[in-house]
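Starting from the known structure of chain E, fit chain D onto it as the hints suggest.
Quick mapping for you: the protein sequence lines, in order, are chains E and D. The first sequence runs 1 to 226 under UniProt numbering. The second sequence runs 1 to 226 under UniProt numbering.
FYI, nobody ran anything at the bench for these hints, they're computed from the structure. Mixed in with the good hints, there may be bad ones.
Put simply, identical chains are the same to the list, so a pair is met inside one copy or across any two.
Under the rule of at most 27 Å between Cα atoms (straight-line distance), these lysine-lysine pairs were calculated in the DSS-like manner [what the hints assert, rightly or not]: (1) K99 to K53; (2) K52 to K132; (3) K53 to K6; (4) K52 to K139; (5) K122 to K24; (6) K178 to K46; (7) K118 to K6; (8) K26 to K118; (9) K62 to K132; (10) K52 to K99; (11) K122 to K111; (12) K99 to K26; (13) K111 to K53; (14) K141 to K184; (15) K46 to K132; (16) K62 to K141.
As the structure is a prediction and not an experimental result, all values here were calculated from the model.
Protein chains: 2
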Amino acid sequence: MAEEVKVFGAWGSPFSHRVELALKLKGVPYEFIEEDLANKSSLLLKYNPIHKKIPVLLHNGKPIAESLVILEYIDETWKDNPILPEDPYERAMARFWCKFMDEKCMPALWKAYWIEEKERAKAMEEAFEHLKTLENELKGKFFGGETIGLVDIACNWLAFWIGVIQEVAEIELVNGEKFPILCKWIEEFINYSPVKESLPHRENLLAYLGARREALFASTSKQIIY
Amino acid sequence: MAEEVKVFGAWGSPFSHRVELALKLKGVPYEFIEEDLANKSSLLLKYNPIHKKIPVLLHNGKPIAESLVILEYIDETWKDNPILPEDPYERAMARFWCKFMDEKCMPALWKAYWIEEKERAKAMEEAFEHLKTLENELKGKFFGGETIGLVDIACNWLAFWIGVIQEVAEIELVNGEKFPILCKWIEEFINYSPVKESLPHRENLLAYLGARREALFASTSKQIIY
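Bound conformation, chain E alone (with noise of 0.2 Å):
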């Protein structure tokens, strides 16, 4: 009998992209089913009751949520082309550069393109401090060696989106002078091919973001929600 394999994603969400590109590099195949965020099927809140938010992996009737968990256990699941390394410490220092780019990298990021101007000057500093970091950290060609691996797949935002989102912020905080190694990274990690394959239109995600970015500066909440 065939497995069920589906991913409950957004076709522009950099969380439900990290999933497909796992499930793309070991040759899984799947169902992708196009959620409306705005208005979120009862299938995926029944798979995600607590947070309610994709992606979810449906694996054999039993659901999976949280784009990082969902990638350890695709790793552990289907072990062709490991997305992680097989040594105990340098696992641990994939998972915790994760953390890094889902809890520090991302949010700063986010709110130095997003934040009003008045408030940005500081914001862009910490952003500009972790890519710093995130820098220093890249020894090979990509994260994960001469592969491409867990962190690698944790970072397609900064790799992908970025780029997006300065064209529509008008702002250039990532660029090859500021971050030589990151933007060569940038450029081997997009053009790899099941990468490439997998990575949503440019010009809809322009549009979406435009239109994002044009309702949260016209709204009087300004909460920042990516």
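Showing chain D alone in chain E's frame:
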């Protein structure tokens, strides 16, 4: 040659307690190095230059930061008495609940106890919801089943620190009437011998957290740091 296993921690921190408890459950001897959090040692800053926080596990010269990352490292390095289940789906669920504790439950609970009275009602409501979610999740004696596992260790704060915080704040959110299943788990957990032997002295923690609460309410910033 004997292994070098050192824990840089603080006696009153649930995060360094997690690491100590995991090592005790595994029967791994270690040296505990008490950090003065107001004046961190140059070794701590060297071993955790990104976050500059405890706990850090030093294993044969290699440092690992972030308590949940350390717990996975411990389980992969010393294989006796596993703290994560074997099955990939159960492992994913354990990781999901640990993230829930750290990212949702703990910040909401801390806020509920520590926020000024006029803003407390909403915070209490959110904390209550998260605790109900946890209460509904607990099916066996422990989150890990018949023995203590990753989620139990990650919930150590709820088992022991909450009781002290409730006494300091004179607020009772967790009790046997509202959360009978969680309170039964708390009893089982804190009386489990490796836990009991590794918890801080209650009176010391009471004095420490009482002083911190007083300092917070006396300061103008009211920034909650836990």
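As a check of your reading, is K122 near K111 (CA-CA no more than 27 Å) within one copy, between copies, both or neither? Both: 10 Å inside a copy, 25 Å across copies.
Within, between, both or neither: K99, K53 at alpha-carbon 27 Å: both (18 Å within a copy, 15 Å between copies)
My question is about K122 and K24: at a cut-off of 27 Å on alpha-carbon distance, are they close within one copy, between copies, both, or neither? Intra 39 Å, inter 43 Å, cutoff 27 Å: neither.
Pop the pair K52 and K139 into one bin, within, between, both or neither, using alpha-carbon distances up to 27 Å. Answer is between; shortest inter-copy Cα gap is 22 Å, intra-copy 37 Å.
Between copies, within a copy, both or neither: which fits K111 and K53 at Cα up to 27 Å? both (21 Å within a copy, 24 Å between copies)
Please sort K46 with K132 into within, between, both or neither, judging by C-alpha distance up to 27 Å. Answer is between: at 17 Å across copies they meet the 27 Å cutoff, but 40 Å inside does not.
Can you give me the call for K178 and K46, within, between, both or neither, at a CA distance of at most 27 Å? between (45 Å within a copy, 25 Å between copies)
Checking K99 and K26: alpha-carbon separation at most 27 Å within a copy, between copies, both or neither? both (23 Å within a copy, 25 Å between copies)
Status of K141 relative to K62 across identical chains (alpha carbons, at most 27 Å): between (36 Å within a copy, 23 Å between copies)
From the Cα coordinates, with 27 Å as the cut-off, is the pair K141 and K184 best called within, between, both, or neither? within (8 Å within a copy, 51 Å between copies)
With 27 Å as the alpha-carbon cut-off, assign the pair K26 and K118 to within, between, both or neither. neither (46 Å within a copy, 52 Å between copies)
Since the copies are identical, ignore which copy is meant and state whether K118 and K6 lie within 27 Å (CA to CA) inside a copy, between copies, both or neither. Answer is neither: 44 Å inside a copy and 46 Å across each miss the 27 Å cutoff.
When each numbered hint is compared with the structure, violations occur for hints 5, 7, 8.
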